[in-house]
Amino acid sequence: MKPAPFTYRAASSSPEAIDALAKEAPPRILAGGQSLVPMLNLRLAPADALLDITRIAELRAVEETINSVRYGALTTHASFEDGLVPDASNGLMSHAAGNIAYRAVRTRGTIGGAIALADPAADWVTVCIALEAVLHLQSTSGKRQMQVEEFVLGPYFTAIAEGELISTIEVPKRSASERWGYHKVVVKTGEYAESMAVALLDRARGFARIVLGATDGAPIVMKKSAGALLAAADEAALKTAIACDLEAGEHEFGAAKRMLHTTAVLRAAKDAMAS
Amino acid sequence: MNVKVELTINDRKVVADVEPRTHLADFLREHLRLTATHLGCEHGVCGACTVLIDGAPARACIALTVALEGADVKTLEGLADDRRMRVLKTSFHERHGLQCGFCTPGMLISAWDLLRRKPDISERQIRQEMSGNICRCTGYQGIVRSIKHAADTLQSSVGV
Ligand SMILES: Cc1cc2nc3c(=O)[nH]c(=O)nc-3n(C[C@H](O)[C@H](O)[C@H](O)COP(=O)(O)OP(=O)(O)OC[C@H]3O[C@@H](n4cnc5c(N)ncnc54)[C@H](O)[C@@H]3O)c2cc1C
Ligand code: FES
Ligand code: FES
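Protein sequence lines correspond, in order, to chains C and D.
Residue 6 is where the first sequence starts when you use the numbering used here, and the numbers rise one by one after that.
Residue 30 is where the second sequence starts when you use the numbering used here, and the numbers rise one by one after that.
Just so you know, the hints here were simulated from the structure itself, not pulled from any lab data.
Check the hints yourself; a few may be wrong.
Listing some non-contacts, in silico: residues in chain C with all C-beta distances to chain D over 10 angstroms [to be verified]:
no.	residue
1	Thr12
2	Glu29
3	Asp57
4	Val67
5	Gly96
6	Ala109
7	Pro160
8	Thr245
So the derived label-pair ranges between C-beta atoms look like this [claimed, not checked]:
no.	chain 1	residue 1	chain 2	residue 2	range
9	C	Gln152	D	Lys147	31 to 39 angstroms
10	C	Gly211	D	Arg145	58 to 66 angstroms
11	D	Cys129	C	Val226	23 to 31 angstroms
12	D	Arg41	C	Asp87	24 to 32 angstroms
13	D	Arg112	C	Arg14	23 to 31 angstroms
Below are the DSSO-like pairs computed for lysine-lysine, each with C-alpha atoms no more than 30 angstroms apart in a straight line [as the list claims (entries may be wrong)]:
no.	chain 1	residue 1	chain 2	residue 2
14	D	Lys33	C	Lys7
15	C	Lys193	D	Lys177
16	C	Lys228	C	Lys244
17	C	Lys148	C	Lys193
18	D	Lys147	C	Lys193
19	C	Lys7	D	Lys42
20	C	Lys7	C	Lys28
21	D	Lys33	C	Lys28
22	C	Lys228	C	Lys262
23	C	Lys244	C	Lys193
24	C	Lys148	C	Lys244
25	D	Lys147	D	Lys177
26	C	Lys228	C	Lys275
The structure presented is a predicted model; accordingly, all values stated were derived computationally and were not measured.
Beta carbons are placed, not taken as given, at the ideal position from N, Cα and C, and that holds for glycine.
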């Protein structure tokens, strides 16, 4: 037995959960437990009380609308991988999910938990920002929506308010003519990435978007690189654009990291062009 | 404060009073003396503690017992009569899939699930899919070979 003692309670509905979260010393939310329980075992995350949300049916629901798919926060990586939920992304989400960690982690880990934690190397954070996904949040003060891009502020640092629960991740249906590329640099299959990049390209719509993850902070939306991809620039021009994007933010990358990130973006961009 | 939990383990109903911090692997080993489930890293990385929860592979070291109310857990002990597991065990025995045996229960459960999902599988895919199970002594050649051999055996006897 490794964690320090804590109390446990399972909520059966969202109103019950947000009421419990509104307490003065709010409990820590337990979803798939695939990040939280390791942290408890290592005594890295102090928690006096856990609130299990996995019994809340509505957080598991997936709803397809005309323009989007709304994934309940508890949707597991494995259900994306196995195609058990409708796809809004021309296959990108299923592909990315199948490359998160290991099968025994994917069966329990949830998309909501991954975004709430905002590990800089979390696959969902980068992928959802690329797909322009929107989070639905709720607390006793009401409901609100927010772009994932605005929600993730830095490593393990988000715009979540006190007592707030992520209920849904809404992904706009991507156009059928959009192509994607996804490249992840890992030392060992399933490990957290050293670098990862998602590139989206829709020539018919005149749209390109590139997001770089596993940086030392929040994922970077690579605007110049996306412009170069859309303009079908050659590799040298693409490299120049990537270098500009890497220098633009507050990040400072060493030579090795710069090379890894450049490679990840180049390969994702090439895959988006080729597919 | 202990919490009462009711779940099924290897087809047996179990009712217990557990401390919320008790993870499933400790519960299996310490409370039920089901010691086939091994513990290596205790933070989800090594795969030694892999069991089936509601039919899907999961890390017992990062699953809290209290959160498993109503769940159906299967450990290696519970799969003793399962045909796919018997074929896997024979293959591990014949093709040198184990040496000290510490990682073996987790390897077997992961491989069992893998061959159920992907019966027709290449060595390369086996390497990728088994990356969440670490072995510190046999070496992976024997393990991959054992799983491939089990897959071929099961494939060639489909419908027999
Ligand atoms: C060995 C291993 C390797 C891994 N490798 C990768 C990897 O390569 N890439 C990757 O992306 N991930 C990886 N993961 C993490 C995995 O994807 C987790 O499932 C995920 O990060 C967290 O999801 P969870 O549902 O398990 O959340 P939990 O662990 O239950 O919770 C994580 C955090 O989010 C909070 N939280 C959870 N749900 C909500 C919600 N709905 N609203 C508000 N707050 C919430 C919790 O309070 C907690 O702080 C790995 C995990 C392990 C054990
Ligand atoms: S002991 Fe559970 S994964 Fe290592
Ligand atoms: S057989 Fe010894 S660790 Fe794998």
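Hints, one by one, checked against the model:
1. Its beta-carbon lying about 6 angstroms from the closest one in chain D, Thr12(C) breaks the requirement of being farther than 10 angstroms from that chain.
2. For Glu29(C), the requirement that its beta carbon stay farther than 10 angstroms from each beta carbon of chain D is met, with the minimum near 19 angstroms.
3. With a closest Cβ-Cβ approach of about 5 angstroms to chain D, Asp57(C) is found to fall inside the 10 angstroms limit, against its non-interface label.
4. Separation of Val67(C) from chain D is adequate, the least Cβ-Cβ distance of about 18 angstroms exceeding the 10 angstroms criterion.
5. The non-interface label for Gly96(C) is consistent with chain D: the shortest C-beta to C-beta separation is roughly 18 angstroms, beyond 10 angstroms.
6. Not every Cβ of chain D is farther than 10 angstroms from the Cβ of Ala109(C); the closest lies at roughly 4 angstroms, contradicting the non-interface assignment.
7. Non-interface status of Pro160(C) relative to chain D is upheld: no Cβ of that chain comes within 10 angstroms, the nearest being about 19 angstroms off.
8. The non-interface label for Thr245(C) is consistent with chain D: the shortest C-beta to C-beta separation is roughly 35 angstroms, beyond 10 angstroms.
9. Between Gln152(C) and Lys147(D) the beta carbons are some 37 angstroms apart, a value that agrees with the proposed interval 31 to 39 angstroms.
10. For Gly211(C) and Arg145(D), the hinted distance range of 58 to 66 angstroms is not satisfied, since their beta carbons lie about 45 angstroms from each other.
11. At roughly 49 angstroms, the beta-carbon separation of Cys129(D) and Val226(C) lies outside the given 23 to 31 angstroms, and the hint is violated.
12. Here the CB-CB span from Arg41(D) to Asp87(C) is close to 29 angstroms, well matched to the stated 24 to 32 angstroms.
13. Taking the beta carbon of each, Arg112(D) and Arg14(C) are about 41 angstroms apart, not inside 23 to 31 angstroms as hinted.
14. Restraint check for Lys33(D) and Lys7(C): the C-alpha separation of about 20 angstroms stays at or below 30 angstroms, so the hint holds.
15. Pair hint Lys193(C) plus Lys177(D) holds up; C-alpha atoms about 21 angstroms apart against a cutoff of 30 angstroms.
16. Between Lys228(C) and Lys244(C) the CA atoms are separated by roughly 13 angstroms; this keeps the pair inside 30 angstroms, and the hint holds.
17. For the hint linking Lys148(C) to Lys193(C), the alpha-carbon distance of about 40 angstroms lies beyond 30 angstroms, and the restraint is violated.
18. The hinted pair formed by Lys147(D) and Lys193(C) meets the criterion: a straight-line CA distance of about 21 angstroms does not exceed 30 angstroms.
19. Among the hinted pairs, Lys7(C) with Lys42(D) is consistent with the structure: their alpha-carbon atoms are about 26 angstroms apart, no more than 30 angstroms.
20. With a C-alpha separation of about 27 angstroms, the suggested pair Lys7(C) and Lys28(C) falls inside the 30 angstroms cut-off, and the hint holds.
21. The hinted pair formed by Lys33(D) and Lys28(C) meets the criterion: a straight-line CA distance of about 24 angstroms does not exceed 30 angstroms.
22. Distance restraint check for Lys228(C) and Lys262(C): the Cα-Cα separation of roughly 19 angstroms lies within the 30 angstroms cut-off, and the hinted pair is therefore satisfied.
23. For the hint linking Lys244(C) to Lys193(C), the alpha-carbon distance of about 26 angstroms falls within 30 angstroms, and the restraint holds.
24. With a C-alpha separation of about 42 angstroms, the suggested pair Lys148(C) and Lys244(C) falls outside the 30 angstroms cut-off, and the hint is violated.
25. At most 30 angstroms may separate the alpha-carbon atoms for a hinted pair to count; Lys147(D) and Lys177(D) meet this at roughly 11 angstroms.
26. Proximity of Lys228(C) to Lys275(C) is assessed by CA-CA distance (about 16 angstroms); at most 30 angstroms being required, the pair is judged to hold.
The earlier numbered hints that this structure contradicts are 1, 3, 6, 10, 11, 13, 17, 24.
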